[in-house]
Amino acid sequence: MSVAQILAAKGGDVITTQPHRTLMEAVELLASKGIGAVVVADAGKNVLGILSERDIMRAIGARGASALTEAVSRHMTAKVFTVTEDTAIDSVMETMTNGRFRHVPVVSNGKLIGLVSIGDVVKHHVNEIETEHRALRDYIATA
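Heads up, the sequence shown is in this note's numbering, so the first residue is 1 and it goes up one at a time.
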């Protein structure tokens with residue numbers, strides 16, 4: 001199973017922000033969309049970073065409320081792990097667990113085409129287990 005199957009189910013819409021936006025603008029975006037992270041991208045859909053609620057809290061903790069007036073680029077995670085549609089879901093799950101992050105941008109030819117969250121990966125994994133369970137139960141019932 002690959003990331004393409006998750007994107008096929010959830011779609012490729014990704015909420016993005018630009019690096020020059022303020023943290024306050026990012027906070028408002030996260031709150032209005034009910035999401036926990038936003039991809040920082042340029043107009044050409046090149047991934048420049050990712051900004052999570054955790055990044056914002058660290059900025060406020062270190063710099064106080066004045067951090068909210070600073071640029072997203074100052075506080076985003078610039079070294080972003082990305083995947084492609086061909087990446088195996090098990091590989092994504094392992095990397096997210098080891099790296100302790102919850103969101104992974106999906107790129108094709110260097111351009112942002114989707115976002116996979118840990119929730120997406122877990123949901124897909126649970127669905128696989130349920131399908132296998134039903135198949136085994138049907139097999140046993142007919143044996």
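Accuracy of the hints is not assured; some may be wrong.
Result set (DSSO-like, lysine-lysine): computed pairs, CA atoms no more than 30 Å apart in a straight line [claimed, not checked]:
#, residue 1, residue 2
1, Lys10, Lys33
2, Lys111, Lys79
3, Lys79, Lys10
Distance ranges between label pairs, derived from CB positions [unchecked claim]:
#, residue 1, residue 2, range
4, Phe81, Ala8, 13 to 23 Å
5, Ala62, Gln5, 19 to 29 Å
6, Leu136, Glu70, 52 to 62 Å
7, His125, Ile60, 49 to 59 Å
The hints are simulated quantities; they were obtained by calculation from the structure and are not laboratory data. No residue lacks a Cβ here, since even glycine has one placed at the ideal position from N, Cα and C.
Each hint, compared with the structure:
For the suggested pair lysine 10 and lysine 33, the alpha carbons sit about 16 Å apart, so the restraint of at most 30 Å is met. Of the pairs offered as hints, the one joining lysine 111 and lysine 79 holds, with about 16 Å between alpha carbons and a cut-off of 30 Å not exceeded. Taken as a hint, the lysine 79 and lysine 10 pair is honoured in the structure, with Cα atoms around 25 Å apart against an allowance of 30 Å. The hinted range of 13 to 23 Å is satisfied by phenylalanine 81 and alanine 8, whose Cβ atoms lie roughly 22 Å apart.
Separated by about 40 Å at the C-beta atoms, alanine 62 and glutamine 5 break the suggested range of 19 to 29 Å. For leucine 136 and glutamate 70, the hinted distance range of 52 to 62 Å is satisfied, since their beta carbons lie about 54 Å from each other. The beta-carbon spacing between histidine 125 and isoleucine 60, approximately 34 Å, falls outside the hinted interval of 49 to 59 Å.
Consistency with the previously given hints fails for numbers 5 and 7, ordered from lowest to highest.
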